[in-house]
Amino acid sequence: MSQAKDLELAILRNLLAQTTRAYDQQVAQLFAEKELAQVTLASIGDAVVTTDAAGTVTYLNPVAEELTGWDCTAAEGKPLSSVLHLVDETGEVQTLDLRPSLREGQDLNLPEPSTLVHRSGNHVAIDSNISAIRDRQGRVIGLVFVFQNVSEKRLLSLQLTRAARYDSLTGLLNREAFEAHLDQALEDCRLNGTSHVVCFMDLDRFKVVNDTCGHPAGDQLLQWISSLIRERVRDTDVFARLGGDEFGLLLPDCPPAAAQRIADSIHRALNTYRFVWQEEQFSVGISIGLVPMSEQFTDLTDLLSAADHACYMAKEKGRRRTQLFQADDMEIRHHHGQMNWVLRIQRALDDDRFALYWQSIRSLAPAGGDQKLYFEVLLRLIDDNGEVQSPSQFLPVAERYGQMTEIDRWVITRAFDLLEGQSKEFLETLGFCSINLSGDSLGDEGLLELIEERLAKSTLAADKICFEITETTAVRQLSDAVRMIERLSSLECRWALDDFGSGMSSYSYLRELPVNYLKIDGNIVADVVTNPLNREMVRSINQIGHVMNLKTIAESVTSEAVLSALREIGVDFAQGYGIERPRPILPREPLPLSSVASLLQ
Amino acid sequence: MKAAVVTLTEGSEPTPTELAAACPDALGSPDLVLAFLPVAPETEAILACLAQTWPGSLRLGCESSRQIAEGAKTRGGCLLLFRMENPAHRVRARVIEGRERGSLPAEEAVDEAVRELSSADTLLFLSDGLRFPIQWLLDQLRRRFASAMPAAFGTLASQPLSGCETGARVFHDRRLYTSACVLVGFEGVGLATHLARDWQPASPVYTVSAARGRELLAIDGEPAVEWYRRFFTVDGKLAPMPDTAYSFPLIIEGPDPARRGLYRSLRVFDRPNGGATFWADLRQGDQVRLAIRGPSAPGWSEEQLSALATRAEAALLFACIGRTLVLGEEHRGESQRVKNALGSTCLAGCYTFGEIALPVHGDSSGEGVVHHNQTAVLGLLREKQA
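Going line by line, the protein sequences match chains Z and R.
Each step along the first sequence adds one to the number in our numbering, with nothing skipped, and position 456 is 456.
Count along the second sequence from 1, then add 1000; that gives the number in our numbering.
Watch out, some of these pointers could steer you wrong.
Claimed, not checked - Sample of chain R residues facing chain Z (criterion: CB under 10 angstroms; computed from the structure):
| id | residue |
| --- | --- |
| 1 | Asp1235 |
| 2 | Pro1240 |
| 3 | Thr1244 |
| 4 | Val1268 |
| 5 | Phe1269 |
| 6 | Gln1287 |
| 7 | Ile1292 |
| 8 | Gly1294 |
Please keep in mind that the hints were generated in silico from the structure rather than gathered at the bench.
In this text, a Cβ means the ideal position worked out from N, Cα and C, and glycines have one as well.
Please construct the entire structure, taking both the sequences and the accompanying hints into account.
As structure tokens, this is what we get:
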């Protein structure tokens, strides 16, 4: 037994030796770790303050010293609250309640935003966290308070918040913020029956300024207009820029008559205002839609739609005026009006129920001169009943409700499909195929890329395609038009300026628009035989066109007499019912060469 | 529940008449005859005698190096007889047999046992101490029962450490099994277990680097044998192993909280080569320390013993054989102290090669039961009131 005891004792000594060795190693390791921790604390970007279990400061790292203004030695032994003076957003002193952390070891986040008061009195915005330090048994033996200087971050955050609510150009509220106000007003109207009015305002002919003088001029105009309107609304009114040249105005607690007076004062201010940019002077009007809030508006979308509609009506009725929304306007629009067409157009796009027609353009060159075939593709909509609807039925609505780019894409894709499916003989005979482009498409980079990509992949020569834009569209969106014409002309596409003469054309624009053809407006051409003024207008356009090396095309030629007159004037091409009525193009069928032959005759 | 303990005489086979006479009349034909018999060739004959005496009773048990009968240690064996007061309460049993060459038992057998014992409130494990993969069975049962696992405890039958080739066996009815676990399910019987712990940490924490079942291959980054040599080399010579190591079991300190506090005793040194075989499993990542016996009196503290004065109707004590070797004289009176604390409650049991119980005292679900070494487990049984 004694031997066994001795053995046991010897082994216990071994155990003790091993334990001592391990203890020494651990002490060395702990010392190294402590050194590492202190070096780390001294070099990290966060401020760190530690306390003992009583909440008395035991350590500050250099960043904490800098942010508090306290030296570590001076702070040591002081209560944490003496070293860290915290105030909230309003400057109220924040009391640090450390008890939950000290008793239960809970992590503590100070309410944000929190501000630390430096010993000098300066304020520093901080994000902070307090965590318990525990021993091996899990007992709380102190706290560690970690905080960062977030002054810059908080400033940036304020700026971002502002950017999210305000329009950077005018300093007005933006659309999102305006809609939030409208939402609240709508709720107030529903709950309390308070009378609020919403105005939608759209500048008249703003694009003319933008396109002719450039965006800096447009921006300055918007800033001026914003100031002018702001001076005429009440302090309680909510004025916002909704985007582009559209503005919104919420008139809280305002009867319609008072709203009308405010709108009138805005009109007066703008009517007397002249915007001057370099040598140019512009008169700018505004169309205003007024909508008194009522229970009929079940949600914001309804209200916005009504305001938009009223503004549109003001524009339709001649601009520079105010249109008060009437309850039945909405019903009429919903049941009989444009919204119905919007849906029909969308259905036609979805169901592929548009159709291409073609109408030839005849060369008026002497017999045996120009042997080529020229034609324009035209669009028709086949409605739910299978009836063919002309473009005048649906294009204005499509333009108003932003459906034109989709329609243009459809037309371009089908026209390319059509031409690529033709025989070599047909394509050799083809002079050009003319395709109409809307104003919306002029600024559509995606569409431009689609055309470029299509041309790159196609065997079709680009000069067989002639894009048409109307004179008014081109002038209204001059910069977009020039950019698109130049891009596609560089690929050899041709361009025609449509309806020339309808918009009180300024020949000076022709210098800026590098087109190949002038299509003389049908209204001038139609009575060229009987109206000497029109005859001279056609002659003038034709002459100017030729001087500028452009070919001319007369539209809406209805009779042989008109055709003769055009020949006499020297117009290059003619198009119209008097020559050929538009004919449907059957899908996947070649264009009949017989038609070509008849045209050439 | 009515219970009685019958002590068998060492060296003589009992007769049916003697056994019947020793059984109190109140028990009549017992529902369960739980036998703890010595590891001896006579076991078969005793089982035959039990069958003759109580043919209608469920009869099962295990062999062990020594048995405990009403607090006294015996070498002749003892019986604990049970009879339920409530006829609706029953005792059922299933045997899950081990297989040759260390392959695992059939999972279908576990499925059947779970079905059979699904209504049990208490499970008793009686397993042989060397061959049957008890850890595997515990894992299987935990997976199948999940939170519905009954309260459980048990023993791994022990044999004398030398001179016994056959090993301790378990039995059910008249059949003896060299590798099996008899699962006894008590329906309508509640269980509370108490655990005696005698060890305290005596070394730094080390991490098991490699282990396979009960084999410790490497620890603290070196072969287990080399690691043990660090501590067990005295005057340049390795102390006798594994005997010396019995006094210094390992304590698992984590990281798995379910294993925290488990003791592991070394059984064979340098087998497999360079490693060591233990009486229960070790796992890679286990954080362990060598332990020495605690400074206070071993076994049951006065506080623990006073908690035993409950209204238990029968008690089973399974004490690790290693404790008797290490704790020596101080340990001898342990079972008697437990019996004294229990008063008139019947107490039987045996010395073990491993104990099955919750890691701490408790009477909750058996979901957390684990395989212990170097402890003593006391299971208090009490029939539930209708």
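Verification of the hints:
1. Interface restraint check: R:Asp1235 against chain Z, minimum CB-CB distance 8 angstroms, threshold 10 angstroms, status holds.
2. At about 8 angstroms, the closest approach between the beta carbon of R:Pro1240 and any beta carbon in chain Z falls short of 10 angstroms, and the interface hint on this residue holds.
3. The interface hint given for R:Thr1244 is met, as the beta carbon of that residue sits about 6 angstroms from the closest beta carbon of chain Z, less than 10 angstroms.
4. A cut of 10 angstroms between beta carbons decides the hint on R:Val1268: the least distance to chain Z is about 19 angstroms, and the hint is violated.
5. Evaluation of the R:Phe1269 hint against chain Z yields a violated restraint, the C-beta minimum of about 14 angstroms exceeding 10 angstroms.
6. For the restraint placing R:Gln1287 at the interface with chain Z, the shortest Cβ-Cβ distance is roughly 13 angstroms, beyond the 10 angstroms limit, so the hint is violated.
7. The criterion of a C-beta within 10 angstroms of any C-beta in chain Z is met by R:Ile1292, whose closest approach is roughly 7 angstroms, and the hint holds.
8. With its C-beta approaching chain Z no nearer than about 14 angstroms, R:Gly1294 sits outside the 10 angstroms limit, and its interface hint is violated.
Hint compliance for this structure: hints 4, 5, 6 and 8 are not met, and every other hint is.
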